[in-house]
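One line per chain: the protein sequences are E and Y, in this order.
Quick note: the first sequence uses my numbering, first residue 103, plus one each step.
Quick note: the second sequence uses my numbering, first residue 249, plus one each step.
All clues given are correct.
In silico BS3-like links for lysine-lysine, alpha-carbon gap of 30 Å or less: (1) Y/K445 x E/K104; (2) Y/K443 x E/K104; (3) Y/K292 x Y/K443; (4) Y/K292 x Y/K406; (5) Y/K445 x E/K156; (6) Y/K406 x Y/K294; (7) Y/K445 x Y/K294; (8) Y/K445 x Y/K406; (9) Y/K406 x Y/K443; (10) E/K104 x E/K156; (11) Y/K406 x E/K104; (12) Y/K292 x Y/K445.
Derived DEER-like restraints, expressed as beta-carbon distance ranges: (13) E/L144 x Y/P264: 25 to 31 Å; (14) Y/I403 x E/I175: 44 to 50 Å; (15) Y/G361 x E/N162: 22 to 28 Å.
Just so you know, these hints were derived from the structure itself, not from any lab.
Ideal placement from N, C-alpha and C gives every residue a C-beta, glycine not left out.
Here is how the chains run, residue by residue.
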Amino acid sequence: MKIYNNYILIIAILLLLTTVILVAMGQNALDVYYSIYIIEALIVTELYVYFNAKARRGLNLVSAILFGGFLFIVSSQVIRILA
Amino acid sequence: MLILSFILLALGRTIPRLPPEVSTLLFETGIDNIAAIVEELGIKSKAIYLPSSLTSGRPQALIPLYSNPSPPTITEALPQRLIVRYGASPDDVGLLVTTIGTTVVSMLESRPGPTPEELESALTSLFRGILGIADGVGVIHRENHIGVEIYNPRIESKATWFHQCLGGPLASVVASVAAEAWNRPVTINQEEHHKGKCSIELEVLG
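Work the whole structure out from these sequences, hints included.
Right, dumping it as structure tokens:
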């Protein structure tokens, strides 16, 4: 179970650090926070290649859901700029 | 919080249904029974780990009842029995037993190829990702010898008669996976445990 604990800890620490840094920079846009969180989560998930097949299937589903949210934010920004 | 919740939900489904204590109980009971047979028969020879192509099914270990200076040559698939004859000589009789490696090999998504890189990747996936009993694996291959180093193993090998015959749990897994990868019989030449490292040397036969 050590690899799972490491994975969850790294993601939690990374998201926390990102929040602290973005707040310190005075960032107020929620979509920026969400986009950076998703990119970080996707990168860390891809780096952990040695999960078993069941865990990988579950995480692939999570990645797909998060990526869907990311695409929604990007497309809403594109529409806003074009409009 | 939402991202972490999704990830925890996905990983929560992968937790084994059986508690580790029950798994340990089943594991030790099985080991004790085979150890009793090996000790009662007074077998001193080292086990030969066979690939699935030589056991008509899954990779298993053959324990010759009589020690020979030269390792036996097995060319045909052995029958699925406990006591098997593997050669023409009357002494060519052995025990064909299921080991931890037998079960663990079936957990691999695909059969590894006969290269040190593929073996290392398969063993790392098993030890680090699936079983969670070590932090990493290094493999060196020279001629018919394969050297495997397992970093920070969290399972110990006891110095019993049975372990001298079949090797420890880690060595058993390594030998089974190597036999399957090279598709040839494999024996454990050496198994050493240092602080934070386990070194295993295998010999590919045939």
